[in-house]
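**Student:** Required output: the full structure, derived from the provided sequences and hints.
There are 2 protein chains.
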Amino acid sequence: MSVLPKSVEKVIDEFSRLPGVGPKSASRMAYHYLRSPNKDATKLANALIQMEDSVKNCKKCFNVAEEEECNICSSPLRKKDRICVVEEPLDVVAFENSGVYDGVYFVLGGVISPADGITSEELRFKELKNRVQELLSDANTLEVIIATNPSLEGEATASYIYDLFKNLLKEGKLKLTRLAMGLPTGADLEYADRLTLKKALEGRRNI
Amino acid sequence: MSVLPKSVEKVIDEFSRLPGVGPKSASRMAYHYLRSPNKDATKLANALIQMEDSVKNCKKCFNVAEEEECNICSSPLRKKDRICVVEEPLDVVAFENSGVYDGVYFVLGGVISPADGITSEELRFKELKNRVQELLSDANTLEVIIATNPSLEGEATASYIYDLFKNLLKEGKLKLTRLAMGLPTGADLEYADRLTLKKALEGRRNI
Chain W
1 MSVLPKSVEK VIDEFSRLPG VGPKSASRMA YHYLRSPNKD ATKLANALIQ
51 MEDSVKNCKK CFNVAEEEEC NICSSPLRKK DRICVVEEPL DVVAFENSGV
101 YDGVYFVLGG VISPADGITS EELRFKELKN RVQELLSDAN TLEVIIATNP
151 SLEGEATASY IYDLFKNLLK EGKLKLTRLA MGLPTGADLE YADRLTLKKA
201 LEGRRNI
Chain A
1 MSVLPKSVEK VIDEFSRLPG VGPKSASRMA YHYLRSPNKD ATKLANALIQ
51 MEDSVKNCKK CFNVAEEEEC NICSSPLRKK DRICVVEEPL DVVAFENSGV
101 YDGVYFVLGG VISPADGITS EELRFKELKN RVQELLSDAN TLEVIIATNP
151 SLEGEATASY IYDLFKNLLK EGKLKLTRLA MGLPTGADLE YADRLTLKKA
201 LEGRRNI
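Order-wise, the sequence lines are chains W and A.
The first sequence begins at 1 in UniProt numbering and counts up by one.
The second sequence begins at 1 in UniProt numbering and counts up by one.
Please note: incorrect hints may appear among the correct ones.
No copy is singled out in the list; a pair is fine if it fits within one copy or between any two copies.
Distance condition first, Cα-Cα at most 25 angstroms in a straight line; then the derived SDA-like pairs of lysine to any residue [what the hints assert, rightly or not]:
#, residue 1, residue 2
1, Lys59, Gly110
2, Lys79, Glu202
3, Lys39, Pro23
4, Lys166, Ser151
5, Lys129, Ala200
6, Lys170, Ala180
7, Lys39, Leu176
Simulated from the structure, these hints should not be mistaken for laboratory data.
**Tutor:** Okay, structure coming up:
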């Protein structure tokens with residue numbers, strides 16, 4: 001005899017698959033909907049179905065989009081002489097929310113991580129190469145900003161991208177840059193890790 | 001120009017309403033589904049709709065159920081001479097998972113909390129009284145175990161239940177008990193709060 005009705009167990013099971021959601025939180029979420037009036041569960045259900053039906057990848061940058069091209073790639077206001085290569089669509093959101101970047105993006109779809117069975121085959125390197133060629137044919141200069149995370153896998157992926165464009169770089173056709181590493185705003189030197197301090201020292205600038 | 005497709009924003013918005021889910025986690029959840037293959041979002045959506053369609057309250061104890069009566073109330077194995085009064089269905093799950101109780105339950109639907117605008121009117125006190133009368137008519141003795149949380153509101157609700165059954169208690173028709181308060185297993189006396197220590201001392205037992 002199970003304690004929970006089967007349909008509730010199924011919802012808890014689905015919620016538990018979400019990142020950062022354990023069985024306890026998943027139960028709390030399911031019971032939230034059992035308590036809430038106004039058919040809130042149906043609202044979430046409809047939103048999910050609507051999202052799955054309407055969202056695709058932008059054919060140029062592979063960010064999420066409801067059209068063939070995302071809002072950013074299709075905007076005439078965005079500079080096409082710089083392309084920022086990120087791991088995931090959420091990284092695009094982070095840049096956009098900060099309002100510090102006015103170029104276009106490219107979403108790789110992850111990082112090379114042999115431990116997780118993700119090889120370069122799984123990521124969009126071929127598409128990245130095509131996109132860079134496409135932008136190069138329209139612009140005089142192109143900067144490829146590698147914005148993978150400063151993790152082991154992110155660094156490995158950055159090297160892979162560097163190799164990918166080594167020849168074009170030698171030919172002087174493009175510029176390859178990597179996001180700066182150093183102390184984050186508000187950090188306390190005392191608590192900074194060794195690698196961050198090393199990078200901050202290496203990257204020190206004249207004032 | 002919004003960064004996110006509208007359908008994604010809608011899903012994030014719905015996820016943010018869940019208890020303990022902030023905007024960042026809600027985004028991560030939505031993007032999890034955008035990344036995942038196998039129509040996982042539809043699976044959650046269908047599970048939610050199925051749950052909302054099939055789950056109702058047990059007519060006896062108001063626990064969640066897919067039938068008129070929940071698995072516990074309808075089981076001939078459960079003792080009907082004790083009823084454990086809890087706040088929420090998840091409290092029933094906690095008791096059941098621990099396997100320490102073999103009686104029936106009653107789910108109040110919350111606690112009296114004037115600060116949140118929840119008065120005794122909103123809770124199932126009338127239904128509790130009826131259920132207790134019903135059990136009394138079948139059994140020689142009945143123990144009402146008050147298992148509201150040891151919070152201010154839980155204690156106030158426990159007092160209210162005591163008042164509710166004061167007369168029956170005087171007539172010797174039932175026994176009213178409250179869960180023991182004291183040190184939890186594995187606790188460290190050094191870090192126990194004053195009230196817990198006080199309750200542990202007050203409730204000390206001969207060994």
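**Student:** For Lys39 vs Leu176, is the C-alpha pair at or below 25 angstroms within one copy, between two copies, both, or neither?
**Tutor:** neither (51 angstroms within a copy, 37 angstroms between copies)
**Student:** Can you tell me if Lys39 and Pro23 fall within 25 angstroms by alpha carbon in one copy, between copies, both or neither?
**Tutor:** For Lys39 and Pro23, the Cα distance is within 25 angstroms both inside one copy (23 angstroms) and across copies (21 angstroms).
**Student:** Cα distance capped at 25 angstroms. Does Lys170 pair with Ala180 within a copy, between copies, both, or neither?
**Tutor:** Result: close within a single copy only, 22 angstroms intra versus 76 angstroms inter.
**Student:** One pair to classify: Lys79 and Glu202, alpha carbons no more than 25 angstroms apart. Within, between, both, or neither?
**Tutor:** neither (30 angstroms within a copy, 72 angstroms between copies)
**Student:** Go through the copies and call it for Lys59 and Gly110: within, between, both or neither, with a Cα cutoff of 25 angstroms.
**Tutor:** within (17 angstroms within a copy, 50 angstroms between copies)
**Student:** Is it within, between, both or neither when you check Lys129 against Ala200 at 25 angstroms Cα-Cα?
**Tutor:** Close neither inside one copy (31 angstroms) nor across copies (69 angstroms); limit 25 angstroms.
**Student:** Taking 25 angstroms as the upper bound on the Cα-Cα distance, should Lys166 and Ser151 be classified as within, between, both, or neither?
**Tutor:** within (22 angstroms within a copy, 65 angstroms between copies)
Checked against the numbered hints listed earlier, the structure breaks hints 2, 5 and 7; every other hint is satisfied.
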